[in-house]
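Asks: Under my numbering, the first residue of the sequence shown carries the number 8, and numbering increases by one thereafter.
Cβ pair distances, simulated, as ranges:
id	residue 1	residue 2	range
1	Leu-68	Leu-41	14 to 24 Å
2	Lys-50	Glu-20	38 to 48 Å
3	Gly-57	Tyr-22	33 to 43 Å
4	Thr-21	Ile-64	22 to 32 Å
5	Phe-13	Leu-51	46 to 56 Å
6	Ile-54	Phe-13	41 to 51 Å
7	Ile-54	Arg-16	41 to 51 Å
8	Glu-12	Leu-43	38 to 48 Å
9	Ala-70	Ala-44	19 to 29 Å
10	Tyr-22	Ile-48	29 to 39 Å
11	Leu-53	Val-25	29 to 39 Å
12	Lys-27	Gly-57	21 to 31 Å
If you're looking for bench data, these hints aren't it; they were derived computationally from the structure.
The model shown is predicted, which means the values in this text are computed figures rather than measured ones.
Each residue gets a CB set at the ideal place from its N, CA and C atoms; glycine is no exception.
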Amino acid sequence: MADGEFDIRAHRETYSGVMKLTTFTIAALIVIVLGLAFGLIAKLPLIGFGGMIFGLIALMLWALISD
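Given these sequences and hints, build the entire structure.
Replies: As structure tokens, this is what we get:
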């Protein structure tokens with residue numbers, strides 16, 4: 008293999024970790040956007056912001072226990 012080529016087999020764990028982090032980051036952004044939508048636009052602050060906090064905590068716990 009030439010020096011300039013990238014071998015994914017040598018970086019499989021790193022790639023897996025980056026993809027997992029990206030997945031959880033996107034999920035957290037979706038939870039935040041939905042929480043803000045319900046909290047600000049629908050004028051249901053308790054449901055929106057409470058749900059957003061609960062969702063972020065649940066997402067954090069899911070990230071901690073998933074392999």
